[in-house]
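S.K.: First to last, the sequence lines map onto chains B and D. Numbering follows the UniProt record's numbering, with no gaps: position 254 of the first sequence is 254. Numbering follows the UniProt record's numbering, with no gaps: position 174 of the second sequence is 174.
Don't read these hints as lab results, they were simulated from the structure. Treat the hints with care, since some could be wrong.
Below, a list of computed lysine-lysine pairs in the DSBU-like style, where the Cα atoms sit at most 35 angstroms apart [stated by the list, open to error]:
#1 B/Lys297 - B/Lys340
#2 B/Lys147 - D/Lys173
#3 B/Lys319 - D/Lys247
#4 D/Lys235 - D/Lys56
#5 D/Lys329 - B/Lys249
#6 B/Lys207 - D/Lys329
#7 B/Lys247 - D/Lys319
#8 D/Lys77 - D/Lys249
#9 D/Lys249 - B/Lys249
For clarity, every value in this text was computed on a predicted model and none was experimentally measured.
2 protein chains.
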Amino acid sequence: MQIFEINSALDMHLHLRDEDMLKLVAPKTSNTFAGALIMPNLVPPVTTKESLLSYKDRIKEACGDDNFEPFMTLFFKNDYTYEFLNDIKDEIIGIKLYPAGITTNSENGVSSMDIETLRPTLEIMSELNIPLCVHGETNGFVMDREKEFMPIYESLALAFPNLKIIMEHITTKDAVELLDKYNNLYATVTLHHLLITLDDLAGGALKPHLFCKPIAKRYEDRSALLNAALNAHPKLMFGSDSAPHPKHKKECCGCAAGVFTSPIALQVLVELFDRYKKLENLNAFVSLNAQRIYNFKAIEKKVTLVKKEFLVPEIYEYKNENVVPMYAKESIAWSIESIK
Amino acid sequence: MQIFEINSALDMHLHLRDEDMLKLVAPKTSNTFAGALIMPNLVPPVTTKESLLSYKDRIKEACGDDNFEPFMTLFFKNDYTYEFLNDIKDEIIGIKLYPAGITTNSENGVSSMDIETLRPTLEIMSELNIPLCVHGETNGFVMDREKEFMPIYESLALAFPNLKIIMEHITTKDAVELLDKYNNLYATVTLHHLLITLDDLAGGALKPHLFCKPIAKRYEDRSALLNAALNAHPKLMFGSDSAPHPKHKKECCGCAAGVFTSPIALQVLVELFDRYKKLENLNAFVSLNAQRIYNFKAIEKKVTLVKKEFLVPEIYEYKNENVVPMYAKESIAWSIESIK
Chain B
1 MQIFEINSAL
11 DMHLHLRDED
21 MLKLVAPKTS
31 NTFAGALIMP
41 NLVPPVTTKE
51 SLLSYKDRIK
61 EACGDDNFEP
71 FMTLFFKNDY
81 TYEFLNDIKD
91 EIIGIKLYPA
101 GITTNSENGV
111 SSMDIETLRP
121 TLEIMSELNI
131 PLCVHGETNG
141 FVMDREKEFM
151 PIYESLALAF
161 PNLKIIMEHI
171 TTKDAVELLD
181 KYNNLYATVT
191 LHHLLITLDD
201 LAGGALKPHL
211 FCKPIAKRYE
221 DRSALLNAAL
231 NAHPKLMFGS
241 DSAPHPKHKK
251 ECCGCAAGVF
261 TSPIALQVLV
271 ELFDRYKKLE
281 NLNAFVSLNA
291 QRIYNFKAIE
301 KKVTLVKKEF
311 LVPEIYEYKN
321 ENVVPMYAKE
331 SIAWSIESIK
Chain D
1 MQIFEINSAL
11 DMHLHLRDED
21 MLKLVAPKTS
31 NTFAGALIMP
41 NLVPPVTTKE
51 SLLSYKDRIK
61 EACGDDNFEP
71 FMTLFFKNDY
81 TYEFLNDIKD
91 EIIGIKLYPA
101 GITTNSENGV
111 SSMDIETLRP
121 TLEIMSELNI
131 PLCVHGETNG
141 FVMDREKEFM
151 PIYESLALAF
161 PNLKIIMEHI
171 TTKDAVELLD
181 KYNNLYATVT
191 LHHLLITLDD
201 LAGGALKPHL
211 FCKPIAKRYE
221 DRSALLNAAL
231 NAHPKLMFGS
241 DSAPHPKHKK
251 ECCGCAAGVF
261 TSPIALQVLV
271 ELFDRYKKLE
281 NLNAFVSLNA
291 QRIYNFKAIE
301 KKVTLVKKEF
311 LVPEIYEYKN
321 ENVVPMYAKE
331 SIAWSIESIK
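This is chain B alone, in the form it adopts within the complex (with noise of 0.2 angstroms):
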C-alpha cells in the first residue's frame, strides 16, 4: 500500500478562536501540525503582550501536545511604539494586517491603507525585522477585491524593501504573478482555495460550508494557485486559514465566512499531490518553505499517510460548540496512519 511521510507540518494561517471552540479545534491542528501560525483577530484583538501571552497559553493547554508550537501574532495598529515591538518582538512570528470590516472580527483593521498612516509601525516592523502578514482585500466587488489589492502589495513592498510581507490567502492568479515581482513578497494559500472555485460555492446548490473571504475565484486563479502549489514555489507556504463557525453560523440566513479544514488537511494534500504526482515537493510546501522565509527550525513530528479511504466526519462537537468540516461524510483517498 503507498505511503508517504510529511516532516513537521507547518500551517502558517490559523484560527483557533477562544474558550470552547479553541478546545475543540486546536487538538486538530496540534495533533498533525508541528506548528501554526496564529490569528490575532479575536475579540478584543490580540494588541498587548498580556493579552499574546495569555491566549497563547490557553493554546497550549487546549492542544494538550507538548509537540506543537503556536507562533503567535499580533494585530496590527497603526500606533505600535518602538519600545513595544522590541520588547514583544521574541514573543511574536509576525504582525497581522486587516482592512476594517474586511472580515471575521476585524472590525478594529486599519481603516485606510495609506502607506503614511501605517508608516510609523511598518517602520518600526521593518527595523526589528517583523514580518507583516496582510489580508489583502479591498472593499469593492467581491469577485475583484484580491485583485484591486495589488497595487498596494506592490507600493508597500517598495516602500518598506526590507520587510517581509506576506500576502495571506491568496486566491488570484494576480497575487500569483506578483510573487516573482518583488523580493520581499511572500504568499499563503489554503487548501480550499487549491481545491474550489466559486462553481463549487453557488455554481450547483449553494454551499455555505465553502464559503470563504477571500471568496474562491475563477477556474484560471485557481490553476495558478495549485501550479504554485504543486511546484512548491519557495515564496509560497502552506497555510489552512481553517476558520471554523459553529453549524448554525454557516447554515443561517446570513451564513459566516470561513471553511474549517484542520483535521483534513494533510490527508487532502498528499491526496492532491499525489494525483499530480507532485509528491516530492509537498514537503517543502508544507513545511521547509516556511521555516525558510520565515527563518526558524521547526520541530520534529513525523506523520505517515497512507493511501486508505477516509471517511470525514460529519460534525466535530465539544461541549456546547460544533464545527462542520470541509468534506464532511465524504471520503478523501488517504488517511494517517501513525504520528510520531
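Guided by the hints, dock chain D onto chain B, whose structure is given.
M.R.: Chain D only, in chain B's frame:
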C-alpha cells in the same frame, strides 16, 4: 400622501410549484397581478395537454381569484409534433426551453442547444406563432453562463426570424445590448436582478435567500438592467422569476436557487421607480410591454399603492409549507392601499 396606481400588473415569469406550495404562493401573485406567465418545470414537467389543463385548474383553484389569468407554458421538447402544438396553441402563451440541469427541475431539458436538433419543434412554433421562452445559460463558470449563451441567442434569432424569442430573467449588460440587435429578441428581468449584485449574496455574510439562477452579477450589469427597466425599454418585460423553496431548503448545507418576491414585487417596484423619478414608465414595464409583445389584452385590475411603510413578514406559511420572502423583516417604503 403620495400614491401611485398600477394597472393590470403582469408577471411574465413565475414559478407557482404545486400542491401545498402552490396553495401558499398562488394567492400572493393573484391578489395583486392581473396575470402571470406560469413556468412548466414541475416534476414531471408540463408536456401534455392533459397535464397543462389540469395544472391550470389547480392554479385557478389555489388563487381563488377569478380576476387573475394564468398564462400557461409547455416545457420544450425536441419532438413535439405539428398536430400536438396546433391543438394546444390556444391554451399556451409560449414554450419554455431549459438546457438540461441548468436550474430547479430542469433535468428533462434539452441536452444540446444545437440548432439542427431544436429545429423541428422551433419551425412548428414559428409557423404557429408560439413564442419561445429561454433559460439562457451555458454550463460554464457561474459568472459567465449567460454571457456565453449570447451567441446561441443570436443563432436562434437569425435561424428563426419569425419566432418570438424571450431571453428570460436576463442578468447581464450583454443581454441588454443584444435586445437592440435582433428584432425578434425580447427579454424579462426580475425584481431582484434590478436590486442586487453578487456582493449582496456573498460580499458580506452569505445570504441564501438571495441565491438565484442566473446568479446576480456585477454592478455594471445591474446598472444596464436597471436603466432598461426604468426607461421601459419596449422589448423588456417584468418577470419576477419568484421561485419559492421551503425555508429548510434555503438555509441548509446545499441551498436551492430562487428568490421569493411575489408578495413584495409591486411595492418594491414602485419604491425603485419612485427613487429614480421614473414612475411614469412603470406601467409600461410591468404591463403594457408584455401585452404588446405577447399580443393580448390584460384584464382590468387596479392596484393603488401609497408611500407608507410596509414591514415584510418573516415567513409565509400554509399547512406544512413555508417560504421566506425577499426583504423578510425589513421595511419597504410603499404599501398596497387598495385593489380593484
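S.K.: For every hint, state whether the structure bears it out.
M.R.: Here is what the structure says about each hint:
1. B/Lys297 - B/Lys340: Distance of about 17 angstroms is within 35 angstroms: holds.
2. B/Lys147 - D/Lys173: Roughly 22 angstroms between the alpha carbons, so the hint for B/Lys147 and D/Lys173 holds.
3. B/Lys319 - D/Lys247: Given pair B/Lys319, D/Lys247 holds - Cα atoms ~28 angstroms apart, limit 35 angstroms.
4. D/Lys235 - D/Lys56: holds (27 angstroms)
5. D/Lys329 - B/Lys249: Answer holds: D/Lys329 to B/Lys249 is near 19 angstroms, not above 35 angstroms.
6. B/Lys207 - D/Lys329: holds (24 angstroms)
7. B/Lys247 - D/Lys319: OK: B/Lys247 and D/Lys319 at ~28 angstroms, within 35 angstroms.
8. D/Lys77 - D/Lys249: At roughly 29 angstroms apart (the allowed maximum being 35 angstroms), D/Lys249 and D/Lys77 satisfy the hint.
9. D/Lys249 - B/Lys249: holds (16 angstroms)
Hint check: no violations occur; every hint is consistent with the structure.
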